[in-house]
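Chemist: All chains, full assembly: derive it from the sequences and hints.
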Amino acid sequence: MSAAKKSTSKANAKAAQVQMEYAGDLIHRNIWFKIGLTKAGASMLKTIGRRIFAKPESSAVVLRTLLQVSLAHYDKLERMYFKDLEYSEDEGFYPDRYWHGLIVGQHAKIAKRKGKVTK
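Note that the numbering used here has the sequence shown beginning at 14, numbered continuously upward.
Source of the hints: derived by calculation from the structure; they are not laboratory data. Among these hints, one or two may not hold up.
Stated by the list, open to error - For lysine-lysine, the following DSS-like pairs were computed, each having C-alpha atoms within a straight-line distance of at most 27 Å: (1) Lys47 - Lys125; (2) Lys125 - Lys52; (3) Lys122 - Lys89; (4) Lys127 - Lys47; (5) Lys122 - Lys59; (6) Lys89 - Lys59; (7) Lys68 - Lys96; (8) Lys68 - Lys47; (9) Lys59 - Lys47; (10) Lys127 - Lys59; (11) Lys59 - Lys125; (12) Lys52 - Lys68; (13) Lys47 - Lys89; (14) Lys127 - Lys52; (15) Lys127 - Lys68; (16) Lys68 - Lys122; (17) Lys122 - Lys96.
Unchecked claim - DEER-style ranges, computed between Cβ atoms: (18) Pro69 - Lys125: 16 to 24 Å; (19) Arg42 - His113: 32 to 40 Å; (20) Lys68 - Asp103: 40 to 48 Å; (21) Lys59 - Ser83: 24 to 32 Å; (22) Ile40 - Gly105: 40 to 48 Å; (23) Tyr107 - Leu84: 22 to 30 Å; (24) Lys96 - Pro69: 31 to 39 Å; (25) Arg42 - Ser83: 15 to 23 Å; (26) Asp88 - Met33: 31 to 39 Å; (27) Met33 - Gly105: 32 to 40 Å; (28) Gly114 - Lys89: 16 to 24 Å; (29) Asp88 - Ile65: 16 to 24 Å; (30) Thr51 - Tyr100: 13 to 21 Å.
Where a beta carbon is used, it is the ideal one built from N, C-alpha and C, also for glycine.
Modeler: Put into structure tokens, the structure is as follows:
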């Protein structure tokens, strides 16, 4: 086997090892979405999960919970979204890049506080 073919095979093998998690509702019919997160976003989910759940949960469960809370409080979230969007456009960069920076900053703040959220 040629060296080029070996490296291609290794790249394909690495690409095939995508981590998939599922979280659904047993009572209602679900509509499934497939999304990708940055490593920073995935790491933030794990941190949030440790803070808000009494027992360990998968990142899919944490993400589903955050999405439900976001939808439930969309009236507050919409203002933040458009404010972030306007700021990132004024500064000349993509919103995803801006949010990535915010995620990294939030994760650092949470790491300093450590522990569960108090009610």
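Chemist: All hints are to be evaluated individually against the structure, with a verdict given for each.
Modeler: Each hint, compared with the structure:
1. Lys47 - Lys125: With Cα atoms ~32 Å apart, Lys47 and Lys125 exceed 27 Å; violated.
2. Lys125 - Lys52: holds, 19 Å
3. Lys122 - Lys89: holds, 22 Å
4. Lys127 - Lys47: violated, 30 Å
5. Lys122 - Lys59: Holds, at about 15 Å.
6. Lys89 - Lys59: Given pair Lys89, Lys59 holds - Cα atoms ~24 Å apart, limit 27 Å.
7. Lys68 - Lys96: With Cα atoms ~35 Å apart, Lys68 and Lys96 exceed 27 Å; violated.
8. Lys68 - Lys47: The given pair, whose Cα atoms are some 25 Å apart, holds under the 27 Å limit.
9. Lys59 - Lys47: holds, 18 Å
10. Lys127 - Lys59: Since the Cα atoms of Lys127 and Lys59 sit roughly 13 Å apart, the hinted pair holds (cutoff 27 Å).
11. Lys59 - Lys125: Satisfied, since the Cα-Cα distance of roughly 15 Å is no more than 27 Å.
12. Lys52 - Lys68: holds, 22 Å
13. Lys47 - Lys89: holds, 25 Å
14. Lys127 - Lys52: It holds: about 20 Å lies between the C-alpha atoms, which stays within 27 Å.
15. Lys127 - Lys68: Roughly 16 Å separates the two Cα atoms, so the pair holds.
16. Lys68 - Lys122: holds, 22 Å
17. Lys122 - Lys96: Holds. Lys122 to Lys96 sits at ~21 Å (cutoff 27 Å).
18. Pro69 - Lys125: 16 to 24 Å: holds, 22 Å
19. Arg42 - His113: 32 to 40 Å: This hint holds: roughly 33 Å between Cβ atoms.
20. Lys68 - Asp103: 40 to 48 Å: At roughly 43 Å between Cβ atoms, Asp103 and Lys68 fall inside 40 to 48 Å, so the hint holds.
21. Lys59 - Ser83: 24 to 32 Å: violated, 18 Å
22. Ile40 - Gly105: 40 to 48 Å: For Gly105 against Ile40, whose Cβ atoms are near 46 Å apart, the range 40 to 48 Å holds.
23. Tyr107 - Leu84: 22 to 30 Å: About 24 Å separates the Cβ atoms of Tyr107 and Leu84, which means 22 to 30 Å holds.
24. Lys96 - Pro69: 31 to 39 Å: holds, 34 Å
25. Arg42 - Ser83: 15 to 23 Å: Given about 21 Å between the Cβ atoms, the range holds.
26. Asp88 - Met33: 31 to 39 Å: With a Cβ separation near 32 Å, Asp88 and Met33 satisfy 31 to 39 Å, so the hint holds.
27. Met33 - Gly105: 32 to 40 Å: holds, 35 Å
28. Gly114 - Lys89: 16 to 24 Å: Hint holds: Cβ distance 21 Å, inside 16 to 24 Å.
29. Asp88 - Ile65: 16 to 24 Å: With Cβ atoms ~22 Å apart, the hint holds.
30. Thr51 - Tyr100: 13 to 21 Å: holds, 20 Å
Hints 1, 4, 7 and 21 from the list above are not met by this structure, while the remaining hints are.
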